[in-house]
Amino acid sequence: MKKACSAMTLGAAVALVLAACGTPPAQRPTRNLEGAKDFTACMLSDEGGFDDHSFNESGKKGLDRAGKELGVKTIAVQSESSADYATNIYALIQQNCKLVIGVGFNIAADLTESAKANPDIQFALIDASFIGADGKPATLPNTKPLLFKTAEAAYLAGYAAAGTSRTGVVGTYGGKPLPTVQIFMDGFAKGVARYNQDTGAQVQVKGWDTTTGKGGSFVGNFTDAAKGQAITEQFMSQGADVIMPVAGPVGQGTLSSVRQKNDAGGTNAVIWVDSDGYTSTGDGSIIMTSVVKEIGNSVFDTVKNASEGRFSSEPYIGTLKNNGVAAAPFHDFDSRVPAPVKARLEELRGQIIDGSLDVSTPYDPS
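Going left to right, the sequence shown walks through residues -19 to -1, 1 to 347 as mature numbering (1 follows the signal peptide of the UniProt record, and there is no 0) numbers them.
Watch out, some of these pointers could steer you wrong.
[Claimed, not checked] Pairwise CB distance ranges, derived in the manner of DEER restraints: (1) D101 with Q178: 49 to 57 Å; (2) P100 with T191: 40 to 48 Å; (3) E327 with D19: 41 to 49 Å; (4) D115 with R147: 47 to 55 Å; (5) D19 with P122: 49 to 57 Å; (6) R240 with P310: 32 to 40 Å; (7) K285 with T191: 22 to 30 Å; (8) G196 with P100: 36 to 44 Å; (9) P319 with N243: 25 to 33 Å; (10) A324 with S63: 30 to 38 Å; (11) N243 with D19: 46 to 54 Å; (12) A64 with N99: 16 to 24 Å; (13) P160 with L121: 16 to 24 Å.
[Said to hold, decoys possible] As a list, the in silico EDC-like pairs of lysine to aspartate or glutamate whose alpha-carbon atoms are at most 16 Å apart: (14) K49 with D19; (15) K117 with D91; (16) K42 with D282.
The set of hints was computed from the structure by calculation and includes no laboratory data.
Just so you know, these numbers come straight off a predicted model, no measurement behind them.
All C-beta atoms in this analysis are idealised placements derived from N, C-alpha and C, irrespective of residue type, glycine included.
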């Protein structure tokens, strides 16, 4: 799907529009036609794809749930690269989608332009705001951003990582230096710092500049699992035994490295993001916890409201307080996390929820 003509993947109606391209569709959309109403909700992934075991997959599950429980028609199309975004959005519009949901920051510019050009169609964007001419977040009556204060849950994960580490070294890295990635990394590092403050420990964080809260280790994309594996191995060579990848499918490289290390007698652990990696990755035995965004629920609610004529342009912001973000259970690692750390995590969670503890970062949505 590298050319505009071949990027269309949406079936006969759009194939007629693109017949001049002479290229067959690369994939078929996912549909749910049982009990369909006169409402079509659509979604396009970013380059990570719907099988990323992360936020694309979570969004798709929310769409599928809406199709099953609400009886709306659904169409989902996967983008192979950023070159696909504009053409895939156009194709969805040609399929009479009444709500188009984009997954991820990278889609923001193209989705914003489409929203401006199609005021009668509703648009939602996961993990990013729509963009104005000045490059700042913009509000349009037919758009809704679905945002998450993941630093709140990442703070707890960082504290848990520091309190569980046997080497005194933990690590994190990202796919790209985007706000929706950096918010995890900064929140994680702040949680480690709080553990050090509470206990007098000196747990180090690899992959994030804890002095400036800006620089860090990044793959440069969300597809190169081999590079994710290389970064993980570098961290482990520096002593890190708990690692949090914030990189979608790239995190598979981390899982592979940690699995191999543990097979050789290691005791390393991974903190997953976006979904509960214990159930979503197939590697639950090495997942200590996860920083979860309840993306699926936000998608379902947006589709439900839109199909019932109650679409709102007010941003959705997921927090610990409204259960929009969470730190997943420790699962198999429960016995490894010291009881005092668990108790302190509950205290910190309560303080974040009641507002007495500020864990904000420069990357928080507003």
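Lying within 16 to 24 Å: is that true of the beta-carbon distance P160 to L121? holds (20 Å)
For K42 and D282, compute the direct alpha-carbon distance and say whether it is at most 16 Å. holds (12 Å)
Does the hinted range 41 to 49 Å hold for E327 and D19 at CB? Holds, at about 47 Å.
Taken at face value, is the distance from the CA of D91 to the CA of K117 at most 16 Å? holds (15 Å)
Taking 47 to 55 Å as the stated bounds, is the beta-carbon spacing between D115 and R147 within them? Taking Cβ atoms as reference, D115 and R147 lie about 49 Å apart, which means the hint holds.
Outcome for the supplied range 36 to 44 Å, where the beta carbon pair is G196 and P100: holds (41 Å)
Would the hint linking K49 and D19 be met if the CA-CA limit is 16 Å? holds (15 Å)
A324 paired with S63, Cβ distance criterion 30 to 38 Å: violated (45 Å)
Please check whether D19 and P122 have a Cβ separation lying inside 49 to 57 Å. violated (22 Å)
At the C-beta level, are D101 and Q178 separated by a distance inside 49 to 57 Å? holds (53 Å)
Outcome for the supplied range 22 to 30 Å, where the beta carbon pair is K285 and T191: Between K285 and T191, where Cβ atoms are some 41 Å apart, the hint is violated.
Distance restraint evaluation - P319, N243, Cβ atoms, bounds 25 to 33 Å: For P319 and N243 the Cβ distance comes to about 20 Å; the hint is violated.
Taken one by one, the earlier hints fail for this structure at numbers 5, 6, 7, 9 and 10, listed in ascending order.
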